[in-house]
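Please take these sequences and the hints and turn them into a complete structure.
Chain by chain, the residues run as shown.
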Amino acid sequence: MTPRHDDVPLIELSGVSKVIGSEIRTTLVREIDLRIMPGEFVAVTGPSGSGKSSLLYLLGLLDVPTTGEVMVNGRATSRLREEERARLRLTHLGFVFQFHFLLPEFSAIDNVMLPMRALGRLGEAARRKRAGDLLGALGLAAHVHKRPGQLSGGQRQRVAIARALANDPAVLLADEPTGNLDTASSEQVLEIFRRLVDETRRAIVFVTHDMGLAARADRQIHIVDGRIATPAEEAA
Amino acid sequence: MNLVLDIARTHILSRMRQTLVGMLGVAMGVGFSVMMASLMEGSQRDFVEQLVDSMPHITISDERRDPPRQPAEEAFGTVEFSGLSTPVTRPGIKNPYAIIASLETWLKGSVAPSVQSRAVIRYAGRDTAASVTGIDPRSEVLVSDLASQVREGSLDSLYKASSAIILGDRLARRIGARVGNRITLVSGTGQVLSCTVVALVHTGIAQNDETAAYTLLKTAQILAGQTGLVNAIRVRVRDIMSAREVAQRIEAQTGYKSVSWQEANEDLLSAFEIRNFIMYTVVGAILLVASFGTYNIISTITHEKTRDIAILKSLGFTERTVRRIFLIEALIIGMLGTLAGWVLGYLLCIALGSIEFKSPFMDATRLPLYFTPVHYLIAAGVALAASGIAGYLPARKAARLHPVEIIRGAS
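So the protein lines, in turn, are chains L and U.
Using my numbering, the first residue of the first sequence is number 1, and each one after it goes up by one.
Using my numbering, the first residue of the second sequence is number 1, and each one after it goes up by one.
Bear in mind the hints are in silico, worked out from the structure with no lab data behind them.
Some hints here could point you the wrong way.
Derived DEER-like restraints, expressed as beta-carbon distance ranges [what the hints assert, rightly or not]:
| # | chain 1 | residue 1 | chain 2 | residue 2 | range |
| --- | --- | --- | --- | --- | --- |
| 1 | U | 6 | L | 31 | 38 to 48 angstroms |
| 2 | U | 292 | L | 136 | 47 to 57 angstroms |
| 3 | L | 82 | U | 304 | 18 to 28 angstroms |
| 4 | L | 104 | U | 292 | 24 to 34 angstroms |
Anything over 12 angstroms on all C-beta distances counts as not near chain U; from chain L, calculated [what the hints assert, rightly or not]:
| # | residue |
| --- | --- |
| 5 | 14 |
| 6 | 17 |
| 7 | 61 |
| 8 | 81 |
| 9 | 154 |
| 10 | 187 |
We treat Cβ as the ideally placed atom computed from N, Cα and C, and that holds for glycine.
Shown next, in the form of C-alpha cells:
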C-alpha cells in the first residue's frame, strides 16, 4: 500500500466547483471543501442530480474542477498533465462503478491484473499471485478464469472491487456500487468495504441512494444542489 | 508494450467475426491490386518481348531523313529552280562493312548486315507478294530471335541449297508450299530466281508470318540484281531503352536513316502510355476503395470499443497507451489482411494465367502476367498505411473523450 500518514488528508478539496456547458452553464458542484483521511469510511448521499457522482469523479481525478484545487496525498493536481493525473489514478486511487465495467474479453484474473500491468511494478508471477489472492479474499477463487459474461452480477462487482484494489490504492472510490445488485450481494459488498477500512486503513468513499447502506458508513456527506448540505438543509 | 500488444491481441481474437471482415476488406484490396499490377506489368513486358525484343532494335536503311539537295540549290540559295530531277544514286549503304566495323567499336550490342527487298512469289500458278530479307545467319542470331522462331529446319538450313529460302509459315500455307518445294521469286527489277524452301518461320505475329521470307545475303543480292548490296544494317542493343539515343548517334555518324524500335512503334507506344495511365488509375482506384473499406471496418471496431477506452482511462491508462492499443489492433488486422491478400493475389494471377485466348492476329496465348515482390510490397504498404490511419484517427478521437461522459452514458 502507498505510504500514508494519518494526519495528512489522502484527498483534499478546497473550494472546488464544477461548471459545464458554454451557452447554458450548469453548476454540478459548488464551492466544496472536503478532506478524506486514512481509514475513513464515507458515504455520499443526496437526491438524483445533486452532484454526488460529479463530486466522486473530482475526488478521483477523473474530472477537473472549474475552480478550486484537488490535492492528492498533499499534492496539488490542477496543473498536472493528463499523463500525471493518469499515473496518480493508477497508484493512489481505485474505482468501482455502478456497472462493473470489466473488459468482456478478459478473464476475471486478467481484468484484475490490468492495472498492475499498466503500473509495471510487479513481475508476471507476482501479479498473478496478487490478483489470485485478491479474488480469493473476495470469495472468487473458483472463478478466476471465468470471463465477466460467465459471472453473476454480484461476482462481477466483486471482480471490479478486486481490480480497484489491484495496485493497493490509498482510497477506494465507488459510485453506486450496489445499484445493480440484489440485497444479498449489496450486503456482501458493504461487508468487504468495512473489512478493507478496518483491516487496511484504506479510505473508502461511496455514493449511494440507499440511506440504510449510508448509515453503515462512519461519516455521511449529504449533497444538495452541488453543495454539502448543512444540518439545517438536511433537516429540510 | 507487452500489455498493449496483449490487449490488442485479445480484442482481435475475441471478436473473430469483425476481425475476419476487416481482414477480408484488406485482403480484397491487396489481392486485386496485386493481380492488376501483375497483369499490367506482364502485358507491358509481353509487348516488349513480342514486338520489340524479337526484332532488331535499330534498323539502319539506305534512305536519308531529308531528300538530297540539288547542287544548284547549294550554290544559289535565293534562286528558285524548277524542273530539276533528283540525281540517280545506286541503292544500298555505301561501305556497309566499314560502317559495321566502326559501329562495333563503340556500340554496346551486335550489328548485322541485311538486304531488304520486295518480290513476288510464283508458285502453283499464283503470285503472292512477299518481303524478302537477305541475312547472314551467323550474325543474324546476334540481332534477332529468328533462329529460335524457325520451324521444320534451322537458320543454317539456308546453307543447304544454292538458293535456299525460309518462308513465314502462314505465307507457306497460303501458297501451299512445303519444306523441299521449289518456288520462283520475281523481283521488282525483273530478276527471276528459283529457290528451295528449306524451313518455315513462325514469329507469332500474323502480319510477319504472312509476308516474310528469308534468304542468304548473296541470294537477296542476286534477286536485287546488285552484287555486294547491303541496304539495311540491323542492330541489337543491350539496353533496349537506349535504342533511341543510339539510333540518333548512328544517324549522326553515318548520315543514313536509323530507326529505333521506339520510333518504328511510335503509335503503339503512345497508345501504350494511355493504356498504362488507365491501368494505373484502375489499380490506384482499387487501392483507394479498399483503403476506405479498411478504414470503415477498423474505425467501426474502434468505435465499438469506446466504453473499453473509458474504462482503461479510468484505471489510469494514458491517452497515448489507449491510442497505441487501437493502432496496433488496426495494424495487426492490416497485416493479417495483407498476408491473405498476397495469397489471394497470387491465386488470382495463377487463375488468370491459366485462361487461354485465341486471336486471328496472334497465336493462341495466355494473359501475360509478371510476378515481382515489388507489387506485393507496394500493395502491402498502401494497405498498412490505410489500416494505420483507420485505427489511429478514431482511436485518437475516442482517447480524447472524457471517460466520465462515457461512464455516465453507459451506466
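Now the hints, each set against the structure:
| no. | hint | result |
| --- | --- | --- |
| 1 | U:6 x L:31: 38 to 48 angstroms | 44 angstroms, holds |
| 2 | U:292 x L:136: 47 to 57 angstroms | 50 angstroms, holds |
| 3 | L:82 x U:304: 18 to 28 angstroms | 24 angstroms, holds |
| 4 | L:104 x U:292: 24 to 34 angstroms | 29 angstroms, holds |
| 5 | 14 | 21 angstroms, holds |
| 6 | 17 | 16 angstroms, holds |
| 7 | 61 | 9 angstroms, violated |
| 8 | 81 | 9 angstroms, violated |
| 9 | 154 | 17 angstroms, holds |
| 10 | 187 | 22 angstroms, holds |
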